[in-house]
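Novice: What follows is the residue order along each chain.
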Amino acid sequence: MQTPENPGPAIEATGLFKTFHSRERGVVNAVQGLDLTCHYGEIFGLLGPNGAGKTTTLRMLAGILVPSAGVARIAGVDAGIDPIAVRQRIGFLSGSTGLYPRLTAVETLRYFGKLHGLQGAALEQRIEELVATFRLHEFASGRCEGLSTGQRQRVSIARAVVHDPDVLILDEPTTGLDILAASDMIDFIESRRSAGRCVLFSTHILSEAERLCDRIGIVYHGRTLAAGTLDELRAESGAQFLEQIFKVFVERASLAPNA
Amino acid sequence: MRSPQQPAWLGLGTVALQELQSSLRDRQTVLNAVVLPIVLYPVLFWLIVQGFLVVQGHKERTAVQVWLAGAAEQLAQVEPKLVEGTDLPTEYIAKGPMELDEHELRALLMPPTGAAPDPDRPEAVLVLPPDSDSDSALYIASTRSDSELAASRVQSDLTDLQQTLRQEAAAARGLSGEDLVPLRIENHTVTTSRDQGAFVLSLFLPMMIVFMSVMGAFFPAVDSTAGEKERGTAETTLLIPIPRSRVLLGKILATTTLAFLATLLNLISMGLAARHLLMTLGPSVPIDIQFPFLALLYSLPLILLFCFFVSAVLTALAGLTKSFKEGQAMLGPAQLVFILPAVIGVMPGLELTPLTALIPVVNVVLAVRAILIMQWLPLAYAITAGVLLAAAWIAVRLCVRLLSLEALAFAGTSMSLKDLFLRSRHANS
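If you read the protein sequences in the order shown, they are chains L and V. Every letter in the first sequence is one number past the one before it in my numbering, and letter 117, counting from 1, is 117. Every letter in the second sequence is one number past the one before it in my numbering, and letter 329, counting from 1, is 329.
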């Protein structure tokens, strides 16, 4: 299931730190020594409340934020040293990665395809594949500003995988979607695992994580409190359901002396 | 599916073309970069000149009344000559000797506020001198435009009258009027009417280059930076797998293209409007405006460099803000940095020299002015190009440096200039 050219883990974060300096809030330690490892053919869910540092972590892994300390490797490439190579290897999607409103769906795919080095017939063939896979036919030539939320999400996913990346990083991918669109997204995530790709996604919808994830990491105040399969987390926490498991780890962290 | 690394220029070109395409689909940008330069500014220019001509015509048709005060024999001598000499609707009325103090004159010349127009009220009173050693006195109300008009007509008519009186006096002594003028001067210009036309264009076209470059770059610069944050696509752009510096350069190149387009369209349009105006004025104006194709062709490299410089500065500044509104507020005053030197550049007496060529903005105005009147100043032109290139390079470096800061790259963030220099710099690749 592993990609032959990258024998190691798909994603490997060790002791990640990120500090922001804000005029309003002063120094903010958004991520404080976070560790995680994800493998090819695996779906890894990052669980945590708002402000836990999930989005910042994903942005560092995607090479769009530079870690203040620690190492983030994607397919063996250090995101702090070569963020461009990392961006070439990942597909990233979040609530903040909007579509260019004045481009059509097809133009969006063509633009990102070109930037990922696709050209000519190969590019057009890839666009056709994506239009078919994500059922974009009806609105493929309409400007993105006129699309519904669900349609935009489909175009966004197609944009994120135009170069068929080995690693997919999704920040709360089902937030704001209706039932059908959310279901499409979940099917898509599963299909990537079936294709041997690595999917890392953050969520605070516990049922979603329970259903999809091979392994789960619980993040709180910028640290990984626990990581493992659902069974491993059950064993470690002594709780049965993910909601209870989550609470156990958060309470333990709150009671810890250096919390 | 991963493809081999593409050449640097390809990614740059792809970003620049996308930005350009996106800008040209924005109504506001098209209005400012294409429609206004071609239509509105030349039309405004044409309307201003037409308005001036209408006002001029109205002034010539406006009737004014001037009272003449003085001894009866003086009035008998002067009044018919003034009436005969004037070719505009000026009515001279002899009133005989008048002893009016300042209050009475004020009451006569300045009607009470709200009073209906009185056809018997004069616009000026000319008091002739009691003897040859004294001067005439002309009383007007300088806050009344028709009174000012009367004053200028009386001055003109009196000059003609003096000339007539001199000629009559000379004739009485058996001399010709010409003998009273010891030295006569007649001006001759060696410039052709076409040279005159080029000179007229050189007075305003260079300044328009600066105005239009700034106007043309304004909206694309805001749209591609602050506008991107507002639309929620800033993070999408950060995902582009080429260096951030190249993405920003692509944005600057797209802005440069639109600024250059706006400038070029406006120059063509204004040149044609000026030519059309002079044609409508007829042969009374000895100026022949030819469209300055050759001069503009020679000016293009300098104009292009200037547009690049302006685009880099405006993009950098707009990138400090987080919304279109903030971007517009930031660039509004910033425009003055370009426009004020441009106004200085068209001041009379200032010419392109190796020294003035060192001053950005002023140098492009002076250089284009010199090119329009076909002055050959190779050293000064080379210095101008070098200075613009250096200024553009510094501006691009500054833009890349500033907008690569993580704190500025994300949506919903803006930064004060103070913060920029105090904050540690984590630049994105």
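Keep in mind that the hints were calculated from the coordinates and are not lab data. Take the hints with a grain of salt, since some may be wrong.
Covered stretches of chain V (chain L as the covering partner; in silico rule of three or more C-beta atoms under 8 Å from a C-beta of chain L) [claimed, not checked]: (1) 22-32; (2) 232-239.
Here are the in silico distance ranges between beta carbons for each label pair [what the hints assert, rightly or not]: (3) L/Ala132 x V/Gln21: 36 to 46 Å; (4) L/His137 x V/Arg25: 18 to 28 Å; (5) L/Arg23 x V/Trp393: 29 to 39 Å.
Owing to the predicted nature of the structure, the values given are computational and were not obtained by experimental measurement. Glycine included, each C-beta is placed from N, C-alpha and C at the ideal position.
Novice: Indicate, hint by hint, whether the structure satisfies it.
Specialist: Comparing the hints with the structure gives:
1. 22-32: holds (count 3)
2. 232-239: Satisfied; 7 residues make the cut.
3. L/Ala132 x V/Gln21: 36 to 46 Å: violated (25 Å)
4. L/His137 x V/Arg25: 18 to 28 Å: holds (22 Å)
5. L/Arg23 x V/Trp393: 29 to 39 Å: Roughly 31 Å apart at Cβ, these two residues keep to the hinted range, so it holds.
In this structure, the one hint that does not hold is number 3.
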